[in-house]
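So the protein sequences, as listed, match chains A and B. To convert, note that position 68 of the first sequence is 68 in this note's numbering; the numbers rise steadily by one, no gaps. To convert, note that position 190 of the second sequence is 190 in this note's numbering; the numbers rise steadily by one, no gaps.
Short, incomplete list of chain B residues facing chain A, as computed with Cβ under 10 Å:
hint : residue
1    : Val51
2    : Ser75
3    : Pro137
No wet-lab data here; the hints were simulated from the structure. Even glycine gets a Cβ: it sits at the ideal position worked out from N, Cα and C.
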Amino acid sequence: MLEDFFTRAVIAGIGLALVTGPLGCFIVWRRMAYFGDTMAHSALLGVALSLVLQVNMTLGVFIIAAAVAGALLLLQRRQTLSTDALLGILSHSALAIGLVVAFLSGIRVDLMGFLFGDILAVSVTDIVVIYLGGLVILAVLAAMWRPLLAATVNAEVAEAEGMRPEVTRIVFMLLLASVIAIAMKIVGVLLITALLIIPAATARRLSATPEQMALISAGVGALAVAGGLFGSLRFDTPSGPSIVVAALALFLISIALPVHLWRARREA
Amino acid sequence: MLVDVAGAGVRRDGRWLVEAVDVTIRKGEIVTLIGPNGSGKSTTAKLVTGVLKPDAGTVARKSGLRIGYVPQKLSIDWTMPLTVRRLMSLTGSYPRAEIDAALAATGVAHLANAEVQHLSGGEFQRALLARAMIRKPDLLVLDEPVQGVDFSGEVALYDLIGKIRDETGCGILLISHDLHVVMAATDTVICLNGHVCCRGTPESVARSPEYLSLFGARAANALAVYQHHHDHTHLPDGRVEEADGRIVDAHEHVHEHDHEGHRHA
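So here's chain A without its partners, still in its complex pose:
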């Protein structure tokens, strides 16, 4: 079954969506969409450096994404520029440096593949990396669910009541860097954030608790991957963007759902 490239793509994509769904909820709750984008853009620099230094690409992307997150945390403490401006600087310079390094290295790089992903080229090894990595990420997320959620609602309350919001925040950044490293091959650096944010936003109106939203978000993401891939097969469109278009379609449907049903459940 895994000999078919399309089946491999569906399995890999669904595995990724199951991780980006719950993680994406925190991106939405913490208003970190642009932050996620910045880390994703820095992935291209990770790719270029991995090729030059000949290290494992997933590892290289993880390290660079984590380093950019760390740099942002440090710069934020100095309070010179607004977070917004800092993100803009980091995001685009990381992307640009990545492109320059890739060009200078003289190594032939399939740039389109990294920018928009190439899910149809996923190997069995990639699937193993996605599922093992995904399991670890979800396990860590589940283990720190309560402190992370409490810190998201209010860091002061979490700290006053004996939690360590700074630590959970750093662990969350590392989880985000890992998911970016895993996702880059599949949807590409430009579309990773879409897979984090759109399913979570879709799940919002259908959920009554944060836990429900995380689960529904994972399901919506998986549905978007399957729908997008079948659509790309049917209409011969690029796979990564097709997945995002499918996710957007689901989001629009969730908005159009009759609001009174939602209200009735909410006040039940």
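Following the hints, position chain B against chain A.
Structure of chain B alone, referenced to chain A:
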């Protein structure tokens, strides 16, 4: 002794937010911090909870001190679906019956399944109080717990806070938004203005020259103390149960509280 803040100061950008602050909270004691905006009330509360570390002086906490905290500001992003019931287990998990009991104790049991974003100011404060209380804390830190609550709601909340202290024996650090009114059950009032400018029982602070000079002419009316004699109960549905057990609509009910303790300006 639950917490002992001794000569503590917090410095930011070369400026002391608070300086040489002494606060001691004992078991079963209610300490109220009052002071103008920017006088360091919230900063002092954060020293007590450990969210801020002192740049001068010391803060000693009883080991294993369990704190319940109601912050001054807590806005929950609309993107997070959060019912009152789920809010209750934010920092710990509790059986359903305990959650219902805590919500009932603060009078918001009927809102258990409502989304927090849809609560009124008073309802939200009560839910936050229930959340802090369910932890069975040794120390409750309440940063302006009556904000956004109307006068009769304020009285009811202060009564509730006094009741929590009486029933659980926890210490309470209360930050009051109102310079002129503090709850009657307060054991110690600490009047802050970047430093401790006076302290004592509500009555003694009200008479102290430092209090009068800090708060000026209006303070000449003296620091009033809530004295509320209970002869009725406000029910969650808005109706009122009179002392004789009659249940009447709110508009049929007349509030009579005595004005011995305070004057309305």
